[in-house]
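Here the structure of chain B is known, so what remains is to put chain D in place on it, guided by the hints.
So the protein lines, in turn, are chains B and D. For the first sequence, the working numbering gives the first residue as 87, with consecutive numbering after it. For the second sequence, the working numbering gives the first residue as 87, with consecutive numbering after it.
Do not take every clue at face value.
Pairs involving identical chains hold if they fit within one copy or between any two copies, as the list cannot separate such chains.
Cut-off 20 Å, straight-line C-alpha distance, at most; resulting in silico cross-link-like pairs (SDA-like, lysine to any residue) [what the hints assert, rightly or not]:
#, residue 1, residue 2
1, 89, 211
2, 662, 630
3, 472, 96
4, 127, 628
5, 135, 349
6, 127, 636
7, 124, 346
8, 472, 455
9, 472, 454
10, 89, 322
11, 127, 655
12, 313, 103
13, 396, 366
14, 124, 654
15, 135, 651
16, 127, 658
17, 127, 309
18, 399, 296
19, 135, 649
If you are wondering where the hints come from, they were derived from the structure by calculation, not from laboratory data.
Number of protein chains: 2
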Amino acid sequence: MVKILRVNMATQECSFQDVPEQYAGLGGRGLTSLIVNKEVKPTCTPLGKHNKLVFAPGLLGGTNCANANRISVGCKSPLTGGIKEANSGGQSGGHLAKMGVHAIVIEDIAPEGQWYQLELGVDSAKLVPSDITGLDNYAGVAKLVEKYGKECSYVTIGRAGEFKLSAASIAFTDRELRPTRHAGRGGVGAVMGSKGLKAIIINPGDTKNVPLKDKEAFAEAAKRFAKALTTHPVTSQGLTNYGTAVLVNILHEAGGLPTRNFSNGRFDDHEAVSGEMLNQLTKERGGEGVVAHGCMTGCIIRCSGIFPDKNGKFMGKWPEYETLWAFGPDSGINDIEMIVRYDKICDDVGVDTIDVGGALGVLMEAGVLKFGDAEGALGLMEEISKGSAIGRVLGSGAAVAGKVYGVRRVPAVKGQSLPAYDPRAVKGQGVTYATTPMGADHTSGYAVTANILSVGGTVDPLSTNGQVELSRNLQIATAAVDTCGLCLFVAFAVLDIPDALAAIVDMLNARHGLTLKVDDVPGVGKLVLDLELDFNRRAGFTNAHDRLPDFFLDEPLPPHNKVFDVTDAELDSVLKW
Amino acid sequence: MVKILRVNMATQECSFQDVPEQYAGLGGRGLTSLIVNKEVKPTCTPLGKHNKLVFAPGLLGGTNCANANRISVGCKSPLTGGIKEANSGGQSGGHLAKMGVHAIVIEDIAPEGQWYQLELGVDSAKLVPSDITGLDNYAGVAKLVEKYGKECSYVTIGRAGEFKLSAASIAFTDRELRPTRHAGRGGVGAVMGSKGLKAIIINPGDTKNVPLKDKEAFAEAAKRFAKALTTHPVTSQGLTNYGTAVLVNILHEAGGLPTRNFSNGRFDDHEAVSGEMLNQLTKERGGEGVVAHGCMTGCIIRCSGIFPDKNGKFMGKWPEYETLWAFGPDSGINDIEMIVRYDKICDDVGVDTIDVGGALGVLMEAGVLKFGDAEGALGLMEEISKGSAIGRVLGSGAAVAGKVYGVRRVPAVKGQSLPAYDPRAVKGQGVTYATTPMGADHTSGYAVTANILSVGGTVDPLSTNGQVELSRNLQIATAAVDTCGLCLFVAFAVLDIPDALAAIVDMLNARHGLTLKVDDVPGVGKLVLDLELDFNRRAGFTNAHDRLPDFFLDEPLPPHNKVFDVTDAELDSVLKW
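Next up, chain B with everything else stripped away, as it sits in the complex (with noise of 0.2 Å):
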């Protein structure tokens, strides 16, 4: 029987309910989206009693159906002051759909000083005091591993959501028990230090996947969304060989590789910090590095690669281009191990490698370090656990950081890091980022396809012409593939392959016994963005946020000399419908 598990941190009381009726047909983000609109007061501190922490595994989680497995964790975000929304890969969103548990909503804050753990297993959920407190990821999902073994998933903070850093995250497990999965943005993991909650133990015993209404058209129809992904070049071939990390050479030959803090859109020693490189090295060391390597059961893409040190033993996962791009060329940093050595601190404190790196950049355009200078930002990036102020400031982000430091020039929208495309030679991401209710976020709209890839058609990304509406249709699909816990990978292949959108409609119907058309997916997009647009505009939301910093408009980016020129009129139609 599915059901919603509410757990009260106040009074530690832990109650399974049934799922109402209107909570019942959404899965993922349109369910966390959907639960924070409902329940929580717009205006309310994040970091109070009145937020809530929301996991939710997807419509098609918990079955065979390829790269299905992500989870979602909603809450207002700390960070921006808005609804927020991340989703992470790992082995917990596979557990909890197949457990039944449709959403765990965290609820009031515990008691001043009391931190806890909660033990979920099929049926039974018990907060207990936590057995980890001031440990940081790795040590701390070691110890739990010891405690509760091998067949669980772990979701966790670190120190930084222990110190409800703005920019802290939730790790999830991977299928190695390694916290390398991450719900990174938005604050999210702050919020979790706030309820008093530390980690959460997933026991799925020897559930299986979950009941479909119509096995045979499911699986029919997994076949050939599973042939779709092994067929599209991107998804077969380019992630799964190079990782995320593929883009540093393609976003650099675009000249859209934001450099130094935003102040070019080529970085000289890219080959250095790319995607080749990591395969290079991973396949030369051998050991226990991995080439292709999936985060979750069911992915059949593999981009989290492995990455081995000199002696092969694991020295950290495949940093994504965001990180290597954060940490790399907007730090000026061209030492690919080091990066590494970023990755995992920041996998082990438990903070989002794009605010953080964000906020690097940022630190070194103020004069606090050099642009380069990697072995300072190593010092630095170690302060964050010690919760020193210079460390909290780092792991505060990039909005928090320009602001203590007085930097006139911080990439950040609504609060939150702008990502690894410069919205000035890559346009339909610059519009994603400032209308998507998220902040300044890639994935809510990843315009990169048509801009850049030419995958769903081709759009000139120096060019004003079409990024309204291409960023919409995105914005759009996005809220529907992460309502069905898919990875967002798939959109490749959904993109450029008719069938594939048509597989996971199908599969979708069969599963739940639905009588969903393609047509459909649209309409239910808009509905999880008008849900967390209305959270916003109640939050105190309106289309003056909804823009990017001055600099952007004003200093042409090398080597196109293109500033943004989307209008605020343009900006301001994306979302209506």
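This is chain D only, laid out in the frame that chain B set:
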């Protein structure tokens, strides 16, 4: 001839221009808010080139009207993100008025790393390289006085302004050429720093009082006005003998003195940090100490005493009530000499005592220091001028400090720290904090009058009844007072002695050849507020920003054990007419 001086920091051009028709009728806050409304892009980066910094004396500045020489500073605030007017005493307002400078508008930004000082004489203005870069206000002013002499007044920023900290102030010298008077709130000093402007040297030469349209009528009205001020007990005795710190014991008694980061309304050691104690120690020690000291020419209230050390030497100015509160009860500190030292540090490095003191309370709540740790607080305060991470956090004010340290109970509205009146025990003040376009600000609608002092009527401070109307009327009246360049403290007399307002109107008419009536005054206030609200609306503010933090609604405040319970609908009705 009255002129507007425009100073372009990018080109270093200074040009006097005739006052355009639309800028002719207002002064002080009315004029700064009008210019900011008309000329500043509401969504601009506050520290960027599109912001402007405006200085303006009031409509009665440069006359012999009592207490009319204040100076207003306007801009988009880096602290709140909205429009800001902060005004100050000192000599500069009177000087500018006499020199016929209707306003100074600082535009654009100096090239990176360049610092200038503005030499302003009668009909002359020139930007020259700064002589005092890197110095705090006391040393900086001393060096400028050496060069430019004792007849000038000096407008400076300390290191906090150079660092562009969100709580940085702008200092104005008093009659003894000490940088003790500050436009404190909203980070106006950061905006001055962002422009590369370190100081303004104002040389009034031998200018006399401004010309009057009707000398006799003016003299007669000025006399009536002065009589009201010397008659009312608050303006002739309370403030004169005890400074604004007369309020410490009164607010303690009322149970509205926020103690240990707004967790109690009473402070056991209130007498140790009271105005009575300032008076007693100043009299006992003698020497350079002064009771009844006026901060600007024409002041007859004389609240700004001078505090002597044990040897009778100048130790600092009498801290304002809000300063004594912030570093005293709010931080749990009961050592008045230490508070004088913190206040002197604030004057020197150039920061707002309310926001920095509020930040200190927040950092104590975060456990950085223990409440009451006076030595530890001194150490932290000294970090501001050093530019260390913790110093910058402290100098960024309560909201930023709360964000960096993950604090749940942050007493701020629109990013600005609440002053020294707990909104649960002085509910009219809470209404003002929530709704003023300035962010939490006591001066913009000082309901303490009727709530606590029985000035201008009596409204029960613990009840919501009548608070909306009270705050509305006071906000309107204050906007008019600030437009005249009058010290807000004249309001005590104006609220109780009907002829005081009539006298102000008669002076305005006699000065400018107008035919205003007393009934026209609210229209002026509403006009100014409308300009400010319009700017904020375009900057992205909505009713959702007119709210107090949750904890004021959730936590009853001892000893009265009341929460803030003015409804959202009531708050939304305050600035409607």
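Right, here's what the structure says about each hint:
| no. | hint | verdict |
| --- | --- | --- |
| 1 | 89 to 211 | within (12 Å within a copy, 73 Å between copies) |
| 2 | 662 to 630 | within (15 Å within a copy, 22 Å between copies) |
| 3 | 472 to 96 | neither (28 Å within a copy, 42 Å between copies) |
| 4 | 127 to 628 | both (17 Å within a copy, 16 Å between copies) |
| 5 | 135 to 349 | between (41 Å within a copy, 17 Å between copies) |
| 6 | 127 to 636 | between (31 Å within a copy, 10 Å between copies) |
| 7 | 124 to 346 | neither (42 Å within a copy, 35 Å between copies) |
| 8 | 472 to 455 | both (19 Å within a copy, 16 Å between copies) |
| 9 | 472 to 454 | both (18 Å within a copy, 13 Å between copies) |
| 10 | 89 to 322 | neither (36 Å within a copy, 70 Å between copies) |
| 11 | 127 to 655 | between (30 Å within a copy, 16 Å between copies) |
| 12 | 313 to 103 | neither (38 Å within a copy, 73 Å between copies) |
| 13 | 396 to 366 | within (13 Å within a copy, 73 Å between copies) |
| 14 | 124 to 654 | between (30 Å within a copy, 19 Å between copies) |
| 15 | 135 to 651 | between (42 Å within a copy, 18 Å between copies) |
| 16 | 127 to 658 | between (25 Å within a copy, 17 Å between copies) |
| 17 | 127 to 309 | neither (43 Å within a copy, 55 Å between copies) |
| 18 | 399 to 296 | neither (37 Å within a copy, 81 Å between copies) |
| 19 | 135 to 649 | between (43 Å within a copy, 16 Å between copies) |
In this structure, the earlier hints numbered 3, 7, 10, 12, 17 and 18 are contradicted, and the remaining ones agree with it.
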